[in-house]
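Novice: Given next are the chains, with one letter for each unit.
There are 4 protein chains.
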Amino acid sequence: MVASLVSRGLDKVRALVGLDEVPAGKVLDDIRRQLRECAEGLGGEVSARTRAARLAETYLQLDDAGRHAFLKIIALEFGPDPARIDTAHARYQSAVGTPAQWDAEAELRAAMRSRRIRILTQFNAIPQGVKFLVDMRVDLLRYLRDDPELQALDRELQARLSAWFDIGFLELERITWKSPAALLEKLVEYEAVHEIRSWQDLKNRLDSDRRCYAFFHPRMPLEPLIFVEVALQEGLAGSVQPLLDESAPLQDAGRANTAIFYSISNTQVGLRGVSFGNFLLKRVIEDLKRDLPGLRTFATLSPMPAFRSWAALHADEVSAAFDDKDRKRLAGAGIREVPSPLFQQLLDSPATWQDPALAELLRVPLTRLAARYLVHARKAGMPFDPVARFHLGNGARVERLNWLGDTSEKGILQSWGMMVNYLYDPDAIENHVETFARAGRVARSAHVGRLAKTA
Amino acid sequence: MVASLVSRGLDKVRALVGLDEVPAGKVLDDIRRQLRECAEGLGGEVSARTRAARLAETYLQLDDAGRHAFLKIIALEFGPDPARIDTAHARYQSAVGTPAQWDAEAELRAAMRSRRIRILTQFNAIPQGVKFLVDMRVDLLRYLRDDPELQALDRELQARLSAWFDIGFLELERITWKSPAALLEKLVEYEAVHEIRSWQDLKNRLDSDRRCYAFFHPRMPLEPLIFVEVALQEGLAGSVQPLLDESAPLQDAGRANTAIFYSISNTQVGLRGVSFGNFLLKRVIEDLKRDLPGLRTFATLSPMPAFRSWAALHADEVSAAFDDKDRKRLAGAGIREVPSPLFQQLLDSPATWQDPALAELLRVPLTRLAARYLVHARKAGMPFDPVARFHLGNGARVERLNWLGDTSEKGILQSWGMMVNYLYDPDAIENHVETFARAGRVARSAHVGRLAKTA
Amino acid sequence: MVASLVSRGLDKVRALVGLDEVPAGKVLDDIRRQLRECAEGLGGEVSARTRAARLAETYLQLDDAGRHAFLKIIALEFGPDPARIDTAHARYQSAVGTPAQWDAEAELRAAMRSRRIRILTQFNAIPQGVKFLVDMRVDLLRYLRDDPELQALDRELQARLSAWFDIGFLELERITWKSPAALLEKLVEYEAVHEIRSWQDLKNRLDSDRRCYAFFHPRMPLEPLIFVEVALQEGLAGSVQPLLDESAPLQDAGRANTAIFYSISNTQVGLRGVSFGNFLLKRVIEDLKRDLPGLRTFATLSPMPAFRSWAALHADEVSAAFDDKDRKRLAGAGIREVPSPLFQQLLDSPATWQDPALAELLRVPLTRLAARYLVHARKAGMPFDPVARFHLGNGARVERLNWLGDTSEKGILQSWGMMVNYLYDPDAIENHVETFARAGRVARSAHVGRLAKTA
Amino acid sequence: MVASLVSRGLDKVRALVGLDEVPAGKVLDDIRRQLRECAEGLGGEVSARTRAARLAETYLQLDDAGRHAFLKIIALEFGPDPARIDTAHARYQSAVGTPAQWDAEAELRAAMRSRRIRILTQFNAIPQGVKFLVDMRVDLLRYLRDDPELQALDRELQARLSAWFDIGFLELERITWKSPAALLEKLVEYEAVHEIRSWQDLKNRLDSDRRCYAFFHPRMPLEPLIFVEVALQEGLAGSVQPLLDESAPLQDAGRANTAIFYSISNTQVGLRGVSFGNFLLKRVIEDLKRDLPGLRTFATLSPMPAFRSWAALHADEVSAAFDDKDRKRLAGAGIREVPSPLFQQLLDSPATWQDPALAELLRVPLTRLAARYLVHARKAGMPFDPVARFHLGNGARVERLNWLGDTSEKGILQSWGMMVNYLYDPDAIENHVETFARAGRVARSAHVGRLAKTA
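One line per chain: the protein sequences are Z, H, G and W, in this order. Every letter in the first sequence is one number past the one before it in our numbering, and letter 39, counting from 1, is 39. Every letter in the second sequence is one number past the one before it in our numbering, and letter 322, counting from 1, is 322. Every letter in the third sequence is one number past the one before it in our numbering, and letter 398, counting from 1, is 398. Every letter in the fourth sequence is one number past the one before it in our numbering, and letter 220, counting from 1, is 220.
Just chain Z, with the same shape it has in the complex (with noise of 0.2 Å):
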């Protein structure tokens, strides 16, 4: 089965491995023969990742349904031993409540301990290596979602990942202008919130009224893990277009009083489950405070992505949101239901959004309905929007929201062009976490508190 998963990137491995014009079973079974020698360290620690380093790189050589055989070979025949793991269980249950039980704890800690990620572990050893597993990793959890058999190997790699990338071990830095062009072209491939169109672009992103920080990891040096980017200006910003305009004035950061953190992307997806991002805004405030004491209000200008999908769901939201003088004024434009289709076509279309005055007329019920959707919306006890789940999560409340704060073809796409600042209050974000995590209650100013109330 393994063997049949194997076919276009053969010709290099066979190459590689000296197997030229060997059917594909053979190259499989050199490739586990090697595996073997890894994970039993035959010749020494030194030698085994020498052995090691040139797996890593047939793997690179593989195609996907090569590398998906290679991923599948470590997962099922480098397992820990059943009847072992048995063995020690039996005397872990018996010693429970006694004092050999920590002993016998250990004991079947051993007995779990797999081969697998001693082989992975050893492909570290190729420059870049950290790089490596991590990038191995979006491979396999791309296979796993047809693959169930590699959930094995998946928990023990994000494991190991989990332990080498925590927080203790990253380094947050602040990029500008003046750091390498190898790292910056970086954030034009990974930023994901809103696009980075030129080096231009780019350069007024990181100008002097701005700043951009990232995490990083000792051994990816020019990767950013996940980074933010920051408007320094006076008061909240509303509105995202200002922000990414090149041709704006640029702002004196010495009189700022308000740091808009208005987008953060993660980079790796690798690195899902490994979390680190509830960090990066709490370090980088920290670090803005001490470079700017004017600084006073810390808040984000954040999309609402699943904003209207979920209307879509929810006729009966989008109506309570709209009150007689609402409808009054819609029935004005022609329209006499709500929703129907042809208040679905004014809410779709473009040309509503530059019309002042149809927009004008959307604007207090859409508000509302934001502010709802915000505030109650749920799936699986979570905010409904991601964006809303992170940031409530961190310990930010809703603090304002904003009409057409985002008049891209994607802002009206997501969320009829609406956008939310979350406010980040030092003094509140402990009591604010506590409270959402206990009783999962979305912390709001009072002015959305009352949007959000329904009759």
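Careful: at least some of the hints might be erroneous.
If you only want the chain Z side, here are some residues facing chain H, beta carbon under 7 Å, derived [stated by the list, open to error]:
no.	residue
1	A95
2	V96
3	A152
4	A163
If you are wondering where the hints come from, they were derived from the structure by calculation, not from laboratory data. Only a predicted model underlies this, so the values are computations on that prediction, with no experimental measurement involved. Don't be surprised by glycine CBs; every beta carbon is placed ideally from N, CA and C.
Model the placement of chains H, G and W on the given structure of chain Z, informed by the hints.
Specialist: Then chains H, G and W, alone, in the frame of chain Z:
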């Protein structure tokens, strides 16, 4: 029981935890409560880390009994849940051989995950957190001697430290007289083979005809993990005293053909069981070859720390090392039996080594004895000599024995001054490692082989 | 006269010096007063520097006329005292040949010391002060063209800059894609030979089969002073277009035997007359040899910027470059006379270079003409071609001519696409420099020598 | 005459220049020939530098007489041409007042340009070239004492060093226990005020309640040019011994309100006449204020190195410092006249300072005498005390006198243990500098002012 361990350090802790004038039990209850909060992560990861940092500070203020109690609470009260393990194991056992095995394995692994490691990892958040954990394990290893209930905790901590100190994360750095004084004083403190007597002595060991390398962890910047001192010269070194002599003339490193590793010291007791020493010499040899292409020979000048104590236990071997000619000569010096009290007196008296005639009398038989000791003496299937175990396991061979190579008091006490060169031949290392690992064969030069032959 | 120069920038300056609504003359008086305070150093060196920093800021606010006036005040009013020079010179003249000569010389030198340089030096105190002075000289050189009274000031400034930019203070640094973006954008700005069209183009020039080196001054950290772009390949490069082609396949630098310097750009107009370019190639060659021992040949691929304009002035030379065979072929293409309007049209038409048959027709005679131009054409005793002057003065020899080596519009315009390789043979450089300096002899390969021979 | 200076170092030099067994004169001729080649720059700048490097090596091998001869050749044989100066001066003199003046001035300046500086500058090319020239000037200054013919050379070298060591090029760096040992040992070597006795003493001076700053030149990376040692504490320090006491308890730098500069040392004799010390304290105060906002007071604890030797010359002043009460008390101790041999014996005997009663007897009159010395004593119009000259010229004021502030042997010998605090009040510095420069007025606190008043 735990409570009774706390004593002297208590007042400090009381002050720290804000509980003046309370009994030890209460203090421990408070610590226990805080540990629980850390383990549960209530209030978000960020504040959990902050709380952990406070706990780490508390730990540092505790006296030995208090620390023991602290670790014991973690060991016994934050382990995995035996019932949950039992259930998960039952499911796993029945899934073995079916497609559900891999998910069940992941589940069992999850059930084994203890909150101990979660707590310890959070201590990482304090500045110098990694060093804190390494030092905490020094304590733990000490308590473990008499308290086997700490076993499970120690194994978990070791596993985590092994992940963190993976060779892929370590940096090989050259240490010179331009290195920070704060780092250099660590060399003085940690040097375990040939004591560094003064800054002048240290400067001599970092001169242009020397090299010094160490492994560092990115989060322990001024803490060498293991370091090696190298002398560059023409031909093998047979005696260590000239190398330590500050007034010896400077050699021209550019003309050297031989690198002598004359001192290797591990520095962190808390990293016991975490291996990286094997990689040090390999990397150092690579760096030296790049830097000084004239180097042809890489060898140690090593002590034989257990030679004399081994000989004390093997009178027959000592006796057999003296052939008829040797005995005749000894008889000429008034000694008729080997071993015998008179003979023993001769061996152990410093006067012997200072008298060229007497020393010469012992040279051949003791060299023979040393060769047999290195090649044949075993403990648990491994070479009896700990330094031999290290170098032979790394792929070196026993190259040459040096009579009176170390005439310091310590040298005489350990091995009657005998020293040995282990040779690292880059082309033979892998082969040596393998035959040593498989068959326990000690690689040796032809000359040492002849000496080691017994009748 | 000075006053009349000030105009547009005045208002800003008025505001700066705190003199609103005052006539230009008053503003200048205020500047003059401040310059005097700088020159006298009253209030201590520290506050003099502070004052100078304010003056430097003032300068930056001035418009062109204002700056000219500013510099003129320094030039004319802060020179040495002619009377004091007269006295010191008289004493010196009478002391010549006596033991008092050396003290008298020092006195005369002291009398010559002007307060101009004292003022300028103090401008150094502002951040980026060195760059400020280099840029100020750009202004000065511009005004000097029409205002010879600035001569003494310019010479003093040049002498000071020469001291500061002594080669011993410059650092050779390799520039890569990991260099700061703020530095890389300077390359785009300063590249003077083959324009850099985009960040992608730039990245291509910094790829693994390229090298880029620049000299830097420790006080101008992101400002390259001069830089060279190098391609690593097998054999001489004859055409520049493949080197600039972003889609060309990457070469393996490790297998290269030839380094081609294909672009050298000076960047700081304000350092005219301060030489360090000579050292650049020498140091780059040293660094390349250390880094890539496989390199054997070091050569340029250079433009001939004045070839076509020289030919326009020397119809006889052009004519002589065509021998009977060449003329016969030309006649076949309908051109009976050289030079002639028809011939000229043939030469200058882009269509010619795109037609292989026509291009081939001109290849041999134009290559011959180019060889004669490089070897024999002179201006003020030196090679007519400025690039030839630079490389021949540095010890290179004319190695090979490359017909249609640069088919860009600029290349055709300057030299009908002809390019030349100058070869740097480390063993011959010193000898070439000397014979070039003494006898003006142009070193050339045997082949170029034959081509350059005239009947 | 020059030849006769060369002696011991000759053999080395002979070997170096390739002239075995030749007389001194020949060696010098060879040096002279090489200097000429350097000066003429034949063979291009690059090889001129190479040649200069060889000459610099030669210089280092010469003994004192040889070096004197070497410098003398440069001084006397590579100066400007008197005839050319004469011509240029005549032209200049006649051009004064005409538009031709400025070009003529530039010409005269060109005629003055000597080849000496060209030679010296080229020495800069060797590694550590700047340090080489600074050290060469140490030699030069020594020879200059008895050989005024070196004057012109010294002035030129000083002018060039002044340009190179312009304050704008120097870097202020904090020195800590993490600084390179190779740098720290320079502090031990150069400390000129309170000798550093050991690495332990040094470590104490770099502890967390101390600061140490130095100026560095970018081309002399491990060579401090001037450094200052600072203690952070509450209130003024009156005695230096507690500051130097390694066993004194550590202060909390965060709570300090006062920074005491207790030692300032110039390190490079070869930079005599090149000033930068004035800037050191200003920059250090700026850095301290930024780093520790709690600091309010910046003051020195300074020796009075010439107090006792001045008193020895001014018996009348000493006498006048004792009023009737003081005399009565002295009489009680058996001393009836001031000054007198008995009195002198009392003053100079170490026993006096160790006897509290005797010491107290002298406290008031000697403090009075010290105040008068600092405020009124002059040498060539400047304060008699060299340390006072430095700090008063920098804008400090005499704040407080400290009886028995330095009870070391040196302290007693210089000033009977008296020390002084000079206060740097950032708001008053500029004003003090100016009144000191204009009117020679010594700024002082009200208390010191009263003490200094004479009848």
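Novice: Each of the hints needs a verdict: does it hold here or not?
Specialist: Quick rundown of the hints versus the structure:
1. The closest approach between the C-beta of Z:A95 and any C-beta of chain H is roughly 9 Å, which is over the 7 Å cut-off, so the hint fails.
2. Hint status for Z:V96: holds, given a least beta-carbon distance of 4 Å to chain H, under 7 Å.
3. Interface hint status for Z:A152: upheld, as the beta-carbon distance to the closest one in chain H is roughly 4 Å, under 7 Å.
4. Among the interface hints, the one on Z:A163 holds; its C-beta lies about 4 Å from the nearest C-beta in chain H, closer than the 7 Å criterion.
Comparing the model with each earlier hint shows a violation of hint 1 alone; every other hint is respected.
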